[in-house]
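2 protein chains.
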Amino acid sequence: MQNALDRLTHLLGKLPGLGPRSARRVVLHLLKKKESLFLPLIEAMHDTAAMVKTCSHCGNLSVMDPCEICTDARRDGAVLCVVEDVADLWALERSHVFRGRYHVLGGTLSALDGIRPEDLRLASLLQRVACENVQEVILALGATLEGQTTAHYIAEKLQAEGIAITRLAHGLPVGGELDYMDDGTLKAAFQARK
Amino acid sequence: MQNALDRLTHLLGKLPGLGPRSARRVVLHLLKKKESLFLPLIEAMHDTAAMVKTCSHCGNLSVMDPCEICTDARRDGAVLCVVEDVADLWALERSHVFRGRYHVLGGTLSALDGIRPEDLRLASLLQRVACENVQEVILALGATLEGQTTAHYIAEKLQAEGIAITRLAHGLPVGGELDYMDDGTLKAAFQARK
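Chains as they are written, first to last, in our numbering: chain A, 474 to 667; chain B, 474 to 667.
Incorrect hints may have been included.
No copy is singled out in the list; a pair is fine if it fits within one copy or between any two copies.
What the hints assert, rightly or not - Here are the simulated lysine to any residue pairs, SDA-like style, with alpha carbons at most 20 angstroms apart:
(1) K667 with L645
(2) K660 with H643
(3) K506 with R594
(4) K507 with D558
(5) K630 with E619
(6) K526 with D586
(7) K660 with L501
(8) K487 with H502
(9) K505 with M537
(10) K526 with L504
(11) K526 with G579
In case anyone wonders, no lab produced these hints; they're calculated from the structure. Keep in mind the model is a prediction, meaning the values are calculated, not measured.
Could you put together the complete structure from these sequences and hints?
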């Protein structure tokens with residue numbers, strides 16, 4: 474192997490889900506499909522690196538700033554969905570369940586990793602709630618210790634605003650089997666039964 | 474999601490080992506590590522696409538043609554190792570077991586997939602054996618039906634040359650446990666016991 478190939482294999486091996494072995498497979502696959510895959514992929518990467526930026530308003534990734542969700546007049550500005558990460562925003566968008574606006578925190582509070590309130594997009598969240606006539610804030614954070622701590626922190630900060638603060642329901646995932654669920658999920662699903 | 478992001482996610486999802494979900498994770502990871510990973514990766518891909526070509530002599534992938542193995546005077550030109558694919562050549566190089574030269578077929582004969590002798594780098598193999606004073610040809614092809622058919626075909630073609638034709642030994646992989654082995658492997662290992 475040569476320098477260019479070595480370097481490419483090394484960098485591909487750093488991507489999530491790929492290791493040294495699969496990185497080599499990817500390199501060979503790319504070289505085999507140079508016209509149909511390799512060159513278009515380079516172009517798409519180039520475009521993405523050059524054009525995609527973080528929306529200064531909500532924290533989404535987009536070629537526009539503010540992003541197309543923030544500028545879409547058909548979306549309901551009265552409901553603000555707070556998510557941890559852009560991946561969560563994309564997941565909610567794919568589910569077509571929500572037609573309001575988003576606010577991406579960029580992480581969760583974590584004493585262990587030293588992530589404090591000022592490291593997250595929290596000040597701009599409070600400002601948006603104060604200025605944008607928001608009536609409901611949905612705290613769509615993960616059901617982890619950090620996610621719930623962060624949700625609690627935000628709920629406290631927003632208490633004085635007199636708006637509805639909601640969280641996603643806990644329970645069995647749709648299609649989930651009982652005997653694969655952990656105790657916490659079973660307990661939450663039982664307590665929230667209706 | 475936008476066009477540039479959509480296109481990149483779509484193309485990444487076509488890579489071996491990645492699907493739509495992991496492609497999205499890769500895109501977000503790249504955008505988070507723009508300076509340290511995304512931009513160097515684009516550069517390495519660009520370099521690879523521009524510089525790496527197939528060695529016209531042996532079929533290896535390299536920035537040089539003929540490649541560094543073909544031009545390395547310290548390697549033994551009397552032993553030629555025939556492999557199916559560049560991945561196999563790389564695997565043998567990593568094991569440091571072989572110091573001769575290679576010939577990459579670019580596939581195996583397959584009636585099912587319609588791969589005939591003229592679709593492989595076979596004519597140049599016969600020519601190399603005839604012209605390069607080769608004394609041994611190692612048929613390092615996979616222990617599959619296609620690999621063994623191809624090895625048999627090549628061995629027949631080379632019979633008249635009066636050179637040694639060898640194949641890799643079959644048996645238990647080092648570290649392999651008996652009860653995980655298929656019948657064919659166990660049989661081969663038994664018959665080749667020493």
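Each hint, compared with the structure:
1. K667 with L645: Within one copy, since 13 angstroms is at most 20 angstroms while 58 angstroms is not.
2. K660 with H643: within (9 angstroms within a copy, 55 angstroms between copies)
3. K506 with R594: between (42 angstroms within a copy, 19 angstroms between copies)
4. K507 with D558: For K507 and D558, the Cα distance is within 20 angstroms only across copies (17 angstroms; inside one copy 33 angstroms).
5. K630 with E619: For K630 and E619, only the intra-copy Cα distance (17 angstroms) is at most 20 angstroms; the inter-copy one is 67 angstroms.
6. K526 with D586: For K526 and D586, the Cα distance exceeds 20 angstroms both inside one copy (25 angstroms) and across copies (45 angstroms).
7. K660 with L501: neither (49 angstroms within a copy, 34 angstroms between copies)
8. K487 with H502: This pair counts as both: shortest intra-copy Cα distance 17 angstroms, inter-copy 10 angstroms.
9. K505 with M537: between (35 angstroms within a copy, 17 angstroms between copies)
10. K526 with L504: between (30 angstroms within a copy, 9 angstroms between copies)
11. K526 with G579: within (14 angstroms within a copy, 42 angstroms between copies)
In this structure, the earlier hints numbered 6 and 7 are contradicted, and the remaining ones agree with it.
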